[in-house]
Amino acid sequence: MKKNLFKLFTDKLLDYPIWVKQAVFRKLYFDLKENGYEKRVIESPEKIFVFYEPVITYDGENELKNKKFALDNNIYNFLKLCRENYNILEIALNTFLSLEETAKLFMFCMEQNYIEYPKNKEVFATCGFIAGKFRTGEYFKEKGLISPQQLEECLKIQKTETKPIGEILTDLNLISKTEIKNLFTLKFDAKKRFILDSAIYPTSELQITEKEKYQIEIDNLKQENETLKKRMKQLIQMVSGKNDD
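In this note's numbering, the protein residues as written are 1 to 245.
I should point out that these hints are in silico values taken from the structure, not numbers from a laboratory. Treat the numbers as computed from the prediction; the structure is a model and nothing was measured. Misleading hints may appear alongside valid ones.
[Claimed, not checked] When the alpha-carbon atoms are kept at most 35 Å apart in a straight line, the in silico DSBU-like pairs for lysine-lysine are as follows:
| # | residue 1 | residue 2 |
| --- | --- | --- |
| 1 | K159 | K222 |
| 2 | K230 | K39 |
| 3 | K181 | K163 |
| 4 | K191 | K67 |
| 5 | K119 | K47 |
| 6 | K133 | K68 |
| 7 | K68 | K47 |
| 8 | K156 | K47 |
| 9 | K163 | K39 |
| 10 | K177 | K163 |
| 11 | K141 | K159 |
| 12 | K156 | K12 |
| 13 | K80 | K159 |
| 14 | K27 | K177 |
| 15 | K7 | K21 |
| 16 | K229 | K47 |
| 17 | K177 | K3 |
| 18 | K12 | K163 |
| 19 | K119 | K65 |
| 20 | K191 | K230 |
| 21 | K191 | K177 |
| 22 | K27 | K156 |
| 23 | K181 | K229 |
| 24 | K67 | K181 |
| 25 | K177 | K187 |
| 26 | K192 | K121 |
| 27 | K177 | K156 |
| 28 | K27 | K159 |
| 29 | K159 | K121 |
| 30 | K156 | K68 |
| 31 | K27 | K67 |
| 32 | K222 | K80 |
| 33 | K39 | K187 |
Generate the whole structure from the sequences, applying the supplied hints.
This is the structure we're talking about:
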């Protein structure tokens with residue numbers, strides 16, 4: 001059964017009184033607006049990387065089943081969650097990885113033909129940029145906002161002027177400063193891990209811990225029983241010794 005940690009987290013928020021939710025929404029809205037995301041998350045969720053559900057391929061299923069290449073365990077965990085129709089956000093939360101680490105797994109699996117290439121250009125471009133496969137200019141080219149020729153022109157300018165490619169793109173009015181800022185905000189935040197507090201949602205670890213506690217209690221009782229047996233044995237030996245005297 002799919003374990004949606006994010007839903008458990010958001011359901012907790014939805015239980016708040018309406019006046020608290022209004023305050024939370026207002027704060028989140030202005031924060032998203034500052035970064036240019038307030039409309040996109042509602043109107044174009046299919047273009048946002050974290051909402052994308054990777055599709056496992058036949059090769060991916062085979063490698064997950066047979067582990068022929070003895071890959072890192074994180075790769076198999078990633079493929080397993082892809083098979084169970086988790087999106088990128090859910091994969092990151094369930095594996096306790098950052099978005100950057102998840103994007104690197106995504107790119108590796110895609111290059112090995114373990115998952116399908118995303119059809120949306122923005123999802124592909126965002127993943128490649130976060131994973132470090134695409135540089136700034138390549139990101140906007142893959143996204144379709146600049147042409148290969150325009151990127152070449154920017155790279156030629158960069159050779160003579162020691163400017164970041166983002167600054168050149170804005171100087172040529174190809175990309176806005178806001179878009180550059182938003183891109184690097186996402187890149188910076190993608191390095192952070194978002195680990196939900198165990199008090200907010202139930203986890204298998206908590207269930208295991210309860211079992212372990214129960215087992216510890218049993219072990220302690222057994223140990224106490226053995227100790228009592230030894231003491232009784234010692235007392236019997238002492239009494240027997242006195243009787244012999």
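We went through each hint and held it up to the structure:
no.	hint	result
1	K159 x K222	violated (76 Å)
2	K230 x K39	violated (74 Å)
3	K181 x K163	holds (16 Å)
4	K191 x K67	holds (29 Å)
5	K119 x K47	holds (10 Å)
6	K133 x K68	holds (26 Å)
7	K68 x K47	holds (34 Å)
8	K156 x K47	holds (31 Å)
9	K163 x K39	holds (32 Å)
10	K177 x K163	holds (14 Å)
11	K141 x K159	holds (19 Å)
12	K156 x K12	violated (52 Å)
13	K80 x K159	violated (45 Å)
14	K27 x K177	holds (23 Å)
15	K7 x K21	holds (16 Å)
16	K229 x K47	violated (69 Å)
17	K177 x K3	violated (39 Å)
18	K12 x K163	violated (47 Å)
19	K119 x K65	holds (26 Å)
20	K191 x K230	violated (58 Å)
21	K191 x K177	holds (22 Å)
22	K27 x K156	violated (43 Å)
23	K181 x K229	violated (73 Å)
24	K67 x K181	violated (41 Å)
25	K177 x K187	holds (15 Å)
26	K192 x K121	holds (24 Å)
27	K177 x K156	holds (21 Å)
28	K27 x K159	violated (43 Å)
29	K159 x K121	holds (28 Å)
30	K156 x K68	violated (45 Å)
31	K27 x K67	violated (46 Å)
32	K222 x K80	violated (40 Å)
33	K39 x K187	holds (20 Å)
Going through the hint list in order, the structure does not satisfy hints 1, 2, 12, 13, 16, 17, 18, 20, 22, 23, 24, 28, 30, 31, 32.
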